[in-house]
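There are 2 protein chains.
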Amino acid sequence: MGDMKRLLFLMMVFGCVAAARAQVHTEAVEYKDGDTVLEGYLAYDDAIIKGKRPGVLVVHQWKGLGDYEKKRAEMLAMLGYNVFCVDIYGKGIRPQDPKSAGALASKYKSNRELLRERVNAGLEVLKKHELTDPKRVAAIGYCFGGTAVIELARSGADVAGVVSFHGGLDSPRSEDGKNIHCKVLALHGADDPNVSNRELAAFEDEMRHAKVDWQLIKFGGAVHAFTQWDAGNDNSKGVAYNEKADKRSWEYMKLFFGEIFH
Amino acid sequence: MGDMKRLLFLMMVFGCVAAARAQVHTEAVEYKDGDTVLEGYLAYDDAIIKGKRPGVLVVHQWKGLGDYEKKRAEMLAMLGYNVFCVDIYGKGIRPQDPKSAGALASKYKSNRELLRERVNAGLEVLKKHELTDPKRVAAIGYCFGGTAVIELARSGADVAGVVSFHGGLDSPRSEDGKNIHCKVLALHGADDPNVSNRELAAFEDEMRHAKVDWQLIKFGGAVHAFTQWDAGNDNSKGVAYNEKADKRSWEYMKLFFGEIFH
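Here the protein sequences line up with chains A and B, keeping their order. FYI, in the numbering used here the residues of the first sequence are 87 to 348. FYI, in the numbering used here the residues of the second sequence are 87 to 348.
Bear in mind the hints are in silico, worked out from the structure with no lab data behind them. By construction, the Cβ of each residue, glycine as well, lies at the ideal position given by its N, Cα and C atoms. One or more of the hints may lead you astray.
Claimed, not checked - List of simulated lysine to any residue pairs, SDA-like, C-alpha gap at most 20 Å:
1) A/297 - B/333
2) B/330 - A/296
3) B/323 - A/294
4) A/340 - B/345
5) A/330 - B/330
What the hints assert, rightly or not - Here are some of the chain B residues that sit facing chain A, going by a computed Cβ distance under 10 Å:
6) 128
7) 193
8) 299
9) 337
Next up, chain A with everything else stripped away, as it sits in the complex (with noise of 0.2 Å):
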């Protein structure tokens, strides 16, 4: 890239101009797996930018497709991405209470292949929209949807990267590693303890004996849900809001697309 193409490319990617005047369009999408009716929401810059520009899939958290997803969505388009956050418990099921929410997780942790066939049900939605240059798509998720992104890398799907933020890593196949073609960055709040040393070293193996293209950042004095706004301060109940490891897994999540959207 010439010097001045890079420093505009830079000026996209680090919002200098365009988070001054960039006007977000948001849109709740209806769509469907089978006979499962769903919704998403997308969500991209008409303000700057023009036509078709790199793709970005955002998983939703254990309660389902809420506000958090969709301003993360927002500022992702802020960023000059075409954003889609999937639906995968199926429109209007947005559990509230923590019991609710972890036996739906549950569900879909414990059926993979459902849970894989609902992300690319999303991926197919925001590859085939106009904006989208499908050549350029990324995941990302939080929690459940972390795991969720790093089971769709597992399902093969033809995307350039996935990024999980405090997601689990487990995997019931690890030997399904081998169809991770992207690129993997999982950001990881050092005293998790949803996620074992045990999980990790594991998913460091699937990552290692597959050959993938990985890296794991650890974020020290980070506990469960470290992006999460409205998690609270408190380290001791596991589940904590971590400004700085918020603001750097949104910097480290910046330059990994600027490396696999060259």
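Please arrange chain B on chain A, whose structure you already have, making use of the hints.
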């Protein structure tokens, strides 16, 4: 930061403009630690940037200060920093064969007080230099030098941050972690045979218990010396260059500097 200021900062940090026009001044600098004569290497841009700027200390590998560290210093100077490569071993002491290099590295690794003294002697030179803003100083090191910069942090040195590239992370006195009051970034090859899982875990525990602001980044597929251009590409030797891990770790370092030198 305002948008324009932020943009100019990014332009500097990412070297879009500086890389095209910077002129790097370099010189050997003789200095002392007690009666021991040392010879470091200074590098800074004298074309674009005027006056004081953040300082970066560079600590060499096991063979002592050589062409590799000088090249890194020039790369850092192009990014706008005032850079000083320390000399731990002494003027003219540059062991070229692995046996002598290993013996010297071991001498300092087994005498952490002396190692700290030598790194701090270099830090003083950098901090007192007229082009250094002494409140914005970091240290980076490669292999042996990675160990050295973490030891610098453990000495309680007043620096904003330290970055270890494939350094050994062990400490003979883990309680010294409590002296650390700078940010720590450890860049690590996930297949580095020189650092055992036990050593990694002990490092994490040291950082955790001392409540250090730390991050550890693991690069999949990378072994020891992954940034060392002339280390070959045979991972089975346990020492090899890895272009992806090299470039990514450099970008992570730049982000880290962007944060600590804000």
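Going straight from one Cα to the other, do residue 330 of chain B and residue 296 of chain A come out at no more than 20 Å?
With a Cα-Cα distance of about 17 Å, the restraint between residue 330 of chain B and residue 296 of chain A holds, given a limit of 20 Å.
Under 10 Å is the threshold here; is the Cβ of residue 128 of chain B close enough to any Cβ of chain A for the hint to stand?
Violated. Min distance 27 Å.
Cut-off 10 Å, beta-carbon criterion: hint that residue 193 of chain B touches chain A:
This hint is violated: residue 193 of chain B lies away from chain A, its Cβ roughly 31 Å from the closest one there, beyond 10 Å.
Hinted pair, alpha-carbon criterion (20 Å max): residue 297 of chain A, residue 333 of chain B. Please report holds or violated.
19 Å, holds
Given the proposed pairing of residue 330 of chain A with residue 330 of chain B, does the C-alpha separation stay at or below 20 Å?
25 Å, violated
Proposed proximity, residue 294 of chain A with residue 323 of chain B (alpha carbon, max 20 Å):
With a Cα-Cα distance of about 17 Å, the restraint between residue 323 of chain B and residue 294 of chain A holds, given a limit of 20 Å.
Given hint residue 299 of chain B near chain A, where the shortest CB pair must fall under 10 Å
6 Å, holds
Are residue 340 of chain A and residue 345 of chain B close enough, with their CA atoms no more than 20 Å apart?
15 Å, holds
Is the shortest C-beta separation between residue 337 of chain B and chain A less than 10 Å?
5 Å, holds
Checked against the numbered hints listed earlier, the structure breaks hints 5, 6, 7; every other hint is satisfied.
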